[in-house]
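Input sequences plus hints: build the corresponding full structure.
These protein sequences, in sequence, are chains A and B.
Terminal number for the first sequence in the working numbering: 662, no gaps in between.
Terminal number for the second sequence in the working numbering: 662, no gaps in between.
Some hints here could point you the wrong way.
Label pairs and their calculated CB-CB ranges [said to hold, decoys possible]:
hint	chain 1	residue 1	chain 2	residue 2	range
1	A	E500	B	L93	39 to 45 Å
2	B	A294	A	Q214	44 to 50 Å
3	B	D621	A	A565	34 to 40 Å
4	A	A565	B	A635	28 to 34 Å
5	A	S137	B	G575	53 to 59 Å
6	B	S499	A	R529	34 to 40 Å
7	A	Q632	B	A635	20 to 26 Å
8	A	G71	B	R169	52 to 58 Å
9	B	T649	A	A631	20 to 26 Å
10	B	S499	A	L350	45 to 51 Å
Simulated crosslink set (PhoX-like; lysine-lysine; CA at most 20 Å straight-line) [as the list claims (entries may be wrong)]:
hint	chain 1	residue 1	chain 2	residue 2
11	A	K416	A	K502
12	B	K249	B	K291
13	A	K558	B	K416
14	B	K493	B	K429
15	A	K291	A	K502
16	B	K444	B	K429
17	A	K249	B	K558
18	A	K444	A	K432
19	A	K249	A	K291
20	A	K579	B	K249
21	A	K145	A	K157
22	B	K249	B	K416
23	B	K448	B	K429
24	A	K295	B	K579
25	B	K249	A	K558
26	B	K558	A	K416
27	A	K309	A	K176
28	B	K437	B	K448
29	A	K579	B	K295
30	B	K440	B	K429
31	A	K416	A	K249
32	B	K35	B	K317
33	B	K579	A	K249
34	B	K408	B	K448
Just so you know, the hints here were simulated from the structure itself, not pulled from any lab data.
No residue lacks a Cβ here, since even glycine has one placed at the ideal position from N, Cα and C.
This is what each chain is made of:
2 protein chains.
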Amino acid sequence: MNHKKSFAKMDRDSLVAAVARQGALVRELKKNGGAATDITAAVVVLNDLKAQLNKLEEPAPTINKKALEDLLLRKMFVVPSFEIYGGVGGFYDFGPPGAAVKTNLLNLWRRHFLLEDDVLEIECTNIMPEVVLKTSGHVDRFTDLMVKCTKSGECYRADKLVEDFIENLLAKNASTLTSAEQERHRLVATKAESLTPDEMHAVIQEYGILSPSHGAPLSQPLPFNLMFQCHIGPEGTHLGYLRPETAQGIFLNFRRLLEYNAGKIPFGCAQIGNAFRNEIAPRGGLIRVREFQQAEIEWFVHPEDKSHAKFDLVADQILTLFPKGLQLTTGKTIQLTARESVAQGLVANEALAYYLARTSAFVSLLGVDMTRVRFRQHLDTEMAHYACDCWDLEIQLSTGWVECAGHADRSCYDLQVHAAKSKVEMVGTLKYDAPRAVEVVDIKVNKGKVGKAFKADMKLVTKGLDALAADDAAALAFEDSLATNGRAELNVDDRVFEFTRDMWCAAKVTKTVSEEKFVPSVIEPSFGVGRILTAIFEHTFYTREGDEKRGVMAFPAAISPIKVAVLPLSNAKEFNPIVADLERQLRAAGIQAKSDTSGVAIGRKYARADELGIPFGVTIDFESIDDKAVTVRERDSCAQIRVPIAQVVAHLQQVVNGTATWETLTKQYPVLETKKE
Amino acid sequence: MNHKKSFAKMDRDSLVAAVARQGALVRELKKNGGAATDITAAVVVLNDLKAQLNKLEEPAPTINKKALEDLLLRKMFVVPSFEIYGGVGGFYDFGPPGAAVKTNLLNLWRRHFLLEDDVLEIECTNIMPEVVLKTSGHVDRFTDLMVKCTKSGECYRADKLVEDFIENLLAKNASTLTSAEQERHRLVATKAESLTPDEMHAVIQEYGILSPSHGAPLSQPLPFNLMFQCHIGPEGTHLGYLRPETAQGIFLNFRRLLEYNAGKIPFGCAQIGNAFRNEIAPRGGLIRVREFQQAEIEWFVHPEDKSHAKFDLVADQILTLFPKGLQLTTGKTIQLTARESVAQGLVANEALAYYLARTSAFVSLLGVDMTRVRFRQHLDTEMAHYACDCWDLEIQLSTGWVECAGHADRSCYDLQVHAAKSKVEMVGTLKYDAPRAVEVVDIKVNKGKVGKAFKADMKLVTKGLDALAADDAAALAFEDSLATNGRAELNVDDRVFEFTRDMWCAAKVTKTVSEEKFVPSVIEPSFGVGRILTAIFEHTFYTREGDEKRGVMAFPAAISPIKVAVLPLSNAKEFNPIVADLERQLRAAGIQAKSDTSGVAIGRKYARADELGIPFGVTIDFESIDDKAVTVRERDSCAQIRVPIAQVVAHLQQVVNGTATWETLTKQYPVLETKKE
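So this is what it looks like as structure tokens:
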């Protein structure tokens, strides 16, 4: 996953710009006496853009965010790490229900993506030696620009300072700035992330931005590498880093993985694990943290055949796409089938579109509101150094649109750089269905003559000849010179060696080949687990009508941390044997359950279960002792049914595993009058 | 888990010593004319000791370790990390089957330990700020002694150098050294780990140990901290460490966990995650690595009530115990029930014994040979700084007995130090069944008079009075002095303050209390996941009789990386629809399967499946097309049965999930003549 910021403000900013441009066009048409139809058409577009902007200005479906945050902390879904020592920015722990939702989410992910497509899964180390991340480009390029307060030494992320400063400027001067001025400022903010240190310095000077804490001048911006560094071994000479992404471990293992897969390509390999980024300014809870979990798949394909064998199975699925072209013009998403998205050339290939469709299906299983989901294509300027196309899964949260997964075509960048550095070949083999005739350049070297002619310089000369052998065009040009002039000059490292006709010759010949070697490209769906959890929390949380204090987490059963609440009506001892029996049965069935045997009222017990998102409550009342039956309550409808104790666990197991639904259950056991809770 | 070495040589060494001692006793008895019965008894003991020693000298059941290692690497169970760059000592990756066995193992662990006892599970960060590990004692005490080669600067772990040197010395001089001399040398080796730097230096000088690589003198031994250090945030001033154990995160969250558990103690909290130790000398594959996975449970109990509610369920389970007393005498393990082990005072309490029994039951599910499993108690000298009793699960591997899990009573050490440092109270509350009358010391201070008397020194005086208030005996002694002499001296930080009768008084009074606060003790079962995997690999690996090249991993189905191999007899196209149908059915049932559609002979396909430990193979032959049935082969017996395609997946699912067995299956479908494979 690319570490770059989510472009939450992109559509708004580009819409504002588009409205301004279109407005100018309309004015110009009117002024210059344009055709009425042209003017009308332009006005229609303008109104449409304005309507879109208005719609964007509407707040996202509101949730009581304070109530949600209170619940998440109080119920230990997510808590600040090292809280008793005051915490450290960008570090969070998952408490029991949070860790359980995460585990369930990852198991679902495994089943959805890995089991379905026979994707391999491996687990590599968090610490990596320098050579790996130097080669991958992270040591040199995985940076953010940092500025220091010249008074206190406090550090800031430069682009964030500029963005915040301009946002402030625009808010304060909304009435006085012309729209052209506003647009110019906005553009500076939008581009802040991709500025060079010198450009950034110029912007800071131009706006007169000072350190937020002390109002002091800021230092020259310097690139700050986001990787945590450590030393491996006792000597202190062996540099290591905590990995900034899990993908690298897969690339390093490519050769063995291909062998494990019997040499067949395409195939995929996944890794679930931690990644570490020493953020200058962690923010937004789980959104920008210093330690987080990724779930990444590297799907290796032939660079000229990025089709997918199962594409037909998803081709009719509708995707909400936000291609780069539309981001810069209308700011509007479009809905296309996966098949159309490829046919229209918006999504580069089937393999990439296959994963967009699969991801879309996956998040729909999690309780995420699909009307607040889109795939946004990266602009050419924001792409990571390794990627050639990228679509982010963005989910609309209370803070705006947030990147929760990336889908990058990393081309063959990583395999190529690691192969070059390690001298280990990382290629696939494509066996042709039938042998093919191919034209190759066949080279013959007269070693005796060459050796005699260049004796002491043979090392250099060999290097030059190797280069010729690897470059057909150069070899043919060399041959041409020898054939025409009887001599040719071989240039190696500023030295020139003169060859004569009798030393070397080359000719085009036709050869029959039955296979070819190739460096695979890789399609990478990469999930930020903490961000997806945040989306689940925000989209599933609601409060009971008429009671803002009764929060409910409407998790689908598959990811609920606890599946069944066992709730005796009171703490009367008579209930104990039934509770114990149910607990034993549930345990044997492998169902996570939680009993509440306290003395509080049953309504309070329901409320507690709702906060943990427990989908089903089993209530034991005094009648249960006689009729050997219990009441089962469904969390969201609060509907209740009466089920014999002997059957209840089997029924619950089916509903939890998805082999039955609450609706099928209510056909067998009629819903009792639903009490207003 | 304690990071200290496993005492692989302990029983042998102590047995040799015991034989020597007993031999001396027999000789002495004979020489001094001891009673015949005494001599006989002593000889019986001597012979028993010798027999034990002989048995120990027998090699552990041999496995073809080279064949196993080759298989593990070739099939990508475990591969060296960063292999294409030459690897780095102490780092390993888990390839597809290794990662799958690990995931299955951990899911089984969750079900066995967590689901069973409602143990909570959390997930904390890998990076921790210095204050946490300074407080826990790791910054100061988590060290090994290191020596440097004065010529090359290479670093060595001092205790390992001493051990290796002495082992060598003994091997070379077996015939010339007296048994007393041998014993003395052995004792030095055994104690090497617990020496101070000066003692270590003396030993190195005495033996004249030089650097192994250059034969040069060694530096003074210095403690080397095993934690990886890093910096958090951009300023470079905030020190952090990679956690050396997962336990600390649980202690930090104790207060919230207790609240989550409605204030009830006992309860447990677990964490599965990485731990990092910058070993000076990583060795033994997964045994001593720099990055590894732990699965730890912290079971919080009242310090004076370490009973366990479910103890009766495990009390009759037999444990193989190796208590510290026996390690220093007979070197022999004993078999006791969990109940006896507590009753005899060998295992300190029920909670600890409960977990020994549960761990024993757990490893028996993994395919580990239970005759090569024991629980070894830590000697007083080897206990970690936080522990008050500790029993290691040791499993006998080809390299000796290896610690694979620890079971420590960490007392209240961690909660106490973190509470003291963070000023956050970490206590449980015990509500009495009925209010109790307790005698307390009631103190009354005449603040006016005290203030007047000591004005400028009030800070010191208050400190002294607080100390008195916290120490009943001191308060009563102070009262005694005031009552007897009318005055008493309060000593604070080398200052003396004279109190008079009218300033202060104390008296024993009886108070009714309904609850007490206490700092819980914690019982910690801690599993080294990589070590348990190593044990599983070694204990389940075998080669087919008569064919050393045909390796089999006899994993129980529950932890097998792949449950079913789908094996068409050849690569004939007719089989494709059946293969696809079976794959679809298996996927829908959530069963990990692997098809081998290559053109190799079926025997070769079976061999490939055996190497991955796939318990069941489904063979599709030409008859299958007509009779709609397939052959199912069981891995270890090679027995085959014929099952209709329509039923086969449902049957396999039952056998894999453990709701049916191969035996029940063979009753329904008779075993075909088993071919010699």
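So which hints don't hold here, by number, going up? Hint check: nothing fails, all pass.
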